[in-house]
Amino acid sequence: MKPAPFDYVRAESLAELHDVLAVEGGDAAVIAGGQSLVPLLSMRMARPSVVVDIMHVEELGGISIEDKCIRVGATVRQAELLAWPDLAKRQPLLAEALPWVGHAQTRARGTVCGSVALADPSAELPLVLAALGGNIVLSSKAGRRNVKAADFFSGIMSTARNDDELIESVSFPCRREGEGFAFREFARRHGDFAIVACAAVASEKTMRLAVGGVADRAVVRDFGADVSDDALRDFAASLDARDDLHATAGYRHMLVRELGRATIDEARRCRV
Amino acid sequence: MPRLSADTRHTVRLDINGRALEGEAEPRMLLTDFLRHRLGLTGTHVGCEHGVCGACTIQLDGAPARACLTLAVQADGASIRTVEGLAPEPGRLSVLQEAFRRHHALQCGFCTAGILMSLDWYFRGTPDPSEADLREFLSGHICRCTGYVPIVAAALDAAKRLREAKTE
Chain A
1 MKPAPFDYVR
11 AESLAELHDV
21 LAVEGGDAAV
31 IAGGQSLVPL
41 LSMRMARPSV
51 VVDIMHVEEL
61 GGISIEDKCI
71 RVGATVRQAE
81 LLAWPDLAKR
91 QPLLAEALPW
101 VGHAQTRARG
111 TVCGSVALAD
121 PSAELPLVLA
131 ALGGNIVLSS
141 KAGRRNVKAA
151 DFFSGIMSTA
161 RNDDELIESV
171 SFPCRREGEG
181 FAFREFARRH
191 GDFAIVACAA
201 VASEKTMRLA
211 VGGVADRAVV
221 RDFGADVSDD
231 ALRDFAASLD
241 ARDDLHATAG
251 YRHMLVRELG
261 RATIDEARRC
271 RV
Chain B
1001 MPRLSADTRH
1011 TVRLDINGRA
1021 LEGEAEPRML
1031 LTDFLRHRLG
1041 LTGTHVGCEH
1051 GVCGACTIQL
1061 DGAPARACLT
1071 LAVQADGASI
1081 RTVEGLAPEP
1091 GRLSVLQEAF
1101 RRHHALQCGF
1111 CTAGILMSLD
1121 WYFRGTPDPS
1131 EADLREFLSG
1141 HICRCTGYVP
1151 IVAAALDAAK
1161 RLREAKTE
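Heads up: the sequence lines are chains A and B, in that order.
First residue of the first sequence? That's 1 in the working numbering, and the numbers climb one at a time after it.
First residue of the second sequence? That's 1001 in the working numbering, and the numbers climb one at a time after it.
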């Protein structure tokens, strides 16, 4: 497999990056870790005229706490976030879910924002971002805008990002007092994309369950503190599941009920 | 940085196994092909070419990476270790390589170079892994002939010998 020809720009500043995207728009592909883009190039499912490398733009790096959120810059690799010493304390759900993202060998290269930008319906990071109600900061030559996760993901590998925009950072809300979290996933092999993945956020009076791998994007549902089997069954049945090589829609619905129950129970136990 | 045009070759400079090497690559050239065809380093194998099998795993700036998921131009200026850099000297194997030989942890050897480069990195940060952790780590590699039992045995043995060598 060889990619179709494209030009390459190694951007050195955000301004240079914005300029290329303003001119090329949808013909440009942003490359960060490349763990998803390069296979798409090799299989010629993506045929950009220019590939813009953002990894040398210094202002796009860094993990910080801002407005009670963990802000992760566009060049932060998944392994870097996983190794961030405050992660489990600040947001246990992220610490639970990150080891499920690919393998150590791909986490060492792949970025957090890159996974969000790709918006694979089975991917863990978009699921966690949706479960926590996080934000995405998009920027272009025209300016900067903040989009909520609920408004960002619009379908299979489809998002609210315009062609001249790039994800500058994503923000995961920090854990709040009294919250409990759990993450569970079923895949054929550890590191594969999830057949079904569940994330739960428990508070005193509410239970939030987010499900990935089933519909065209992560689906978030808020329940009361107690989630009955009937409520969970209705939720599972309401999901627009698909048949594919790995599992039937019916099997996915069953997994949502079983994994969903286990995730909810664990999140409640983890409340402190 | 100037735009590198699709149909011309550009110089890519790398530090590979402690040697400064350079070659020419079009922007679309994958690092696997660059290592093998431009630099003649054929120890890095090309398997699935989409990041699943792990055969092409190298160390890029000190961390494991799939060479097939990296463009050669992206790696310009980087420091790389390949399987050719493992043996301490010609005719002598590293502790890890020797353990693979002792345990018959390879048959065709196609996946071996990638597994060795991953483990060489892993043991530096995790010198005493449990078998479960090791198996999870190795899930990033696919072997289609030996089976994983001798690979895991060789890896655990190598880790043990590396720990002993360190304390001596």
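Do not rely on the hints blindly, as some may be mistaken.
Said to hold, decoys possible - Computed beta-carbon distance windows for the label pairs:
1. B/Arg1161 with A/Asp19: 52 to 58 Å
2. B/Glu1098 with A/Asp265: 30 to 36 Å
3. B/Arg1161 with A/Thr206: 51 to 57 Å
4. A/Glu258 with B/Arg1135: 35 to 41 Å
5. B/His1037 with A/Asp27: 25 to 31 Å
6. B/Ala1020 with A/Gly26: 36 to 42 Å
7. A/Gly250 with B/Glu1136: 54 to 60 Å
8. A/Lys2 with B/Glu1131: 54 to 60 Å
9. A/Asp19 with B/Glu1168: 56 to 62 Å
10. A/Lys68 with B/Gly1091: 57 to 63 Å
11. B/Ala1006 with A/Ser158: 24 to 30 Å
12. B/Cys1048 with A/Arg271: 51 to 57 Å
13. B/Glu1168 with A/Glu258: 47 to 53 Å
Note that these hints are calculated values from the structure, not bench results.
Beta carbons: idealized from backbone N, C-alpha and C, even for Gly.
Going down the list of hints, with the structure as the test:
1. At about 54 Å, the beta-carbon gap between B/Arg1161 and A/Asp19 stays in the expected band of 52 to 58 Å.
2. At about 48 Å, the CB distance of B/Glu1098 to A/Asp265 disagrees with the hint of 30 to 36 Å.
3. For B/Arg1161 paired with A/Thr206, a C-beta distance near 53 Å keeps the hint of 51 to 57 Å intact.
4. For A/Glu258 and B/Arg1135, the hinted distance range of 35 to 41 Å is not satisfied, since their beta carbons lie about 24 Å from each other.
5. Distance hint check: the CB atoms of B/His1037 and A/Asp27 are about 28 Å apart, consistent with the given range 25 to 31 Å.
6. In this structure the hint that B/Ala1020 and A/Gly26 lie 36 to 42 Å apart at CB holds, the actual value being about 39 Å.
7. For A/Gly250 and B/Glu1136, the hinted distance range of 54 to 60 Å is not satisfied, since their beta carbons lie about 30 Å from each other.
8. A/Lys2 and B/Glu1131 have their C-beta atoms about 39 Å apart, which leaves the hinted 54 to 60 Å range violated.
9. Between A/Asp19 and B/Glu1168 the Cβ separation comes to about 58 Å, which falls inside the hinted range of 56 to 62 Å.
10. Taking 57 to 63 Å as the suggested C-beta distance range, the pair A/Lys68 and B/Gly1091 conforms, at roughly 60 Å.
11. Distance hint for B/Ala1006 and A/Ser158: a CB-CB separation of about 27 Å, consistent with the stated range 24 to 30 Å.
12. Restraint check, B/Cys1048 to A/Arg271: a C-beta distance of roughly 43 Å breaks the suggested window 51 to 57 Å.
13. Taking the beta carbon of each, B/Glu1168 and A/Glu258 are about 51 Å apart, inside 47 to 53 Å as hinted.
Violated hints for the displayed structure, listed by number in ascending order: 2, 4, 7, 8, 12.
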